[in-house]
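Colleague: Sequence:
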Amino acid sequence: FDPMDKPRFSKTLRGVTCNLGETAVLECETEGSPVPSVTWLLDNQKLEKSARLETSSVGQKHSLTIKEACPDDGGLYTVVALNSKGQASCSAPLNLKLSLLGLPKEDSRPTTPGGTVLPHAPVFKVKLNKETQLLEGTSVRFELVVRGNPEPEVKFLKDGNVLKLDDRVRVVYESKEVFELILDHVVAKDAGTYTIIATNVEGEDKTVGNLSVVKHKDVFKGLELEEVEREPTPRPKTPKFRWFKNGEYFEANERFQVIFNEEEDSLALMFQHVTPEDAGLYTCVASTSSGSKIACSAELTVQGTVSNPSNIQVPR
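full-length UniProt numbering puts the first residue of the sequence shown at 1, with every later residue one more than the last.
The reader is advised that the hints may include incorrect statements.
Said to hold, decoys possible - Straight line, CA to CA, 25 Å or less: simulated PhoX-like cross-link-like pairs of lysine-lysine:
#1 Lys11 - Lys85
#2 Lys6 - Lys61
#3 Lys130 - Lys189
#4 Lys125 - Lys176
#5 Lys127 - Lys67
#6 Lys130 - Lys215
#7 Lys125 - Lys97
#8 Lys206 - Lys125
Bear in mind the hints are in silico, worked out from the structure with no lab data behind them. Source: prediction; values computed, not measured.
Work the whole structure out from these sequences, hints included.
Modeller: Laid out in structure tokens, this is it:
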């Protein structure tokens, strides 16, 4: 009888969605003897140390806490569990939502003055990532959120054909609006284009994501039972942005909000309660850690009475 056992997960990572600036927590539980050590990856790269990131392992319960989430934190998180008998991994995405900092969160569903939800076409509030690279053998859970009235019918396709669901590839509904697409023990044939379509009498919406599968050996180089000191491969960083008005540095305050939109690859400077003094030439300067810089400008003209928020879209 061999009391030693290779790692496995009694509780896998689950997808998490949070607003920029909030705290996100990813959790999992392992089994195995000897007790496995765990390593955290982000987009299949060893997670870089940061004052905002806190990992915890109590027995075989493991967690990653991400404080003040920023755009660079979004992506696919993977936990690799290792002991002398083998290895296992599980993955889940962290989705970051755009929000107007300092403003109350609003429900985007159309309602009557009395609060009754009006009929409307489906809208995916949490979507598949456009590109996801999975480790062969890992288990992954994609959280999705779709809203519609009446309740939409949801279809799952892979490479244009109906996705075959079984014990390994399945969909779990947490509510009428929230569900997970789960793939256990990912294999090479799971690679492809996944399309999820939500339809009701008012219309339809869809989300599309491409999945690729890589072998463990391509990712686990340098991940041994004992920590190997080496520099992690850096992930591309989001450029830093600075705003100028009429050539002078301009800092956003309570009336001005800078909003990222990663899907459209853009950001916006939004004005609340525009005044004539806000008119002028606004310039956005984007710079990278290597020293490269680009800039673009737009003129804001204020005419008459302005009651609705205005924004300047600046391509990234």
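Colleague: Okay, which hints does this one fail, numbers in order?
Modeller: none
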